[in-house]
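Could you build all of it, start to finish, from the sequences and the hints given here?
The numbering used here numbers the first residue of the sequence shown as 774 and each following residue consecutively.
Since the hints were derived computationally from the structure, they do not count as laboratory data.
Do not take every clue at face value.
Pair ranges (Cβ atoms, derived) [said to hold, decoys possible]:
(1) 791 <-> 870: 33 to 43 angstroms
(2) 1019 <-> 802: 27 to 37 angstroms
(3) 878 <-> 835: 43 to 53 angstroms
(4) 797 <-> 921: 12 to 22 angstroms
(5) 845 <-> 782: 11 to 21 angstroms
(6) 845 <-> 881: 26 to 36 angstroms
(7) 902 <-> 1001: 30 to 40 angstroms
(8) 925 <-> 1033: 21 to 31 angstroms
The beta-carbon is built from N, C-alpha and C at its ideal position, and this holds for glycine as well.
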Amino acid sequence: MGVFAMVGRQLKLLRERAGLSQPEFGALVRYGPDQISAMERGVRTPRPDFLVKADPILNANGLLIAVIPEVEDAMRRARTRHPDWYRGQAEMEREAVELHFYATHAVPGLLQTEAHARALFAKHRPFLSEETIEKRVADRLSRQQVFERWPAPIVSYVLEEAVLDRPVGGPRIHADQLRHLLTIGDRQNVEIQVMPTEVEEHPNLDGAFNLLVPKGHEQVAYLEVQGHPQLIIHREDVRKIADRYGIMRAMALTPKESRALIAEKVGKL
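Next up, the structure:
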């Protein structure tokens, strides 16, 4: 990943020369500060469209645009860094035209900030080495590039309210994570809904799941329990899970109401 580290160093030098903080630069290119930080450290791939946008903002005079061929070549040659058991799911997720998630107790990986992800992996049992933690954080952030591709996939979430209340990493990291949900929820192709804890029951109390529509294929479902994945492709089984998800979306708060609830929780931190 030498190319990505090199470009990351260039980005940092150019940003600092321009007198911009990571949040300020991120606002100009419509990226979060965690994403900017990850790119500058070489753990997140700088997409070609990002480099085209960043070049004039940082007064790079074509320097960032000039490295695009090397970046694209490195992206083609880079092997997936996900665990063997996850690689099939990661590939489907990367190319999916629709992604739908139901989360019961944890913020889904595509929505996690860098600090939130690092706090989770630091609490993993058995313990992980610092090198492994950094690699897994980088892997998780790399998955989030699905939000940046075009055409953009249709993405929706139903989050149990309990997901918003667990202060992973402490108050500051938790507040940043909730703000990140608001930022991602602003995207035109993303809808985030909260299932209030006060709802007495709903049609899926069996656990979390994902629904994906892979490019050129029918919808599938994906489950993961204690690190053991299960891909469901039988049409009738997938239909039942999709039916439950549709009912839950109808029972959950609307995206606007969900945003207000998340903002209210941020205000209390």
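Structure-based check of all given hints:
no. : hint                             : result
1   : 791 <-> 870: 33 to 43 angstroms  : 37 angstroms, holds
2   : 1019 <-> 802: 27 to 37 angstroms : 36 angstroms, holds
3   : 878 <-> 835: 43 to 53 angstroms  : 48 angstroms, holds
4   : 797 <-> 921: 12 to 22 angstroms  : 20 angstroms, holds
5   : 845 <-> 782: 11 to 21 angstroms  : 19 angstroms, holds
6   : 845 <-> 881: 26 to 36 angstroms  : 28 angstroms, holds
7   : 902 <-> 1001: 30 to 40 angstroms : 23 angstroms, violated
8   : 925 <-> 1033: 21 to 31 angstroms : 25 angstroms, holds
This entry does not satisfy hint 7, going by the numbered hints stated previously; all others are met.
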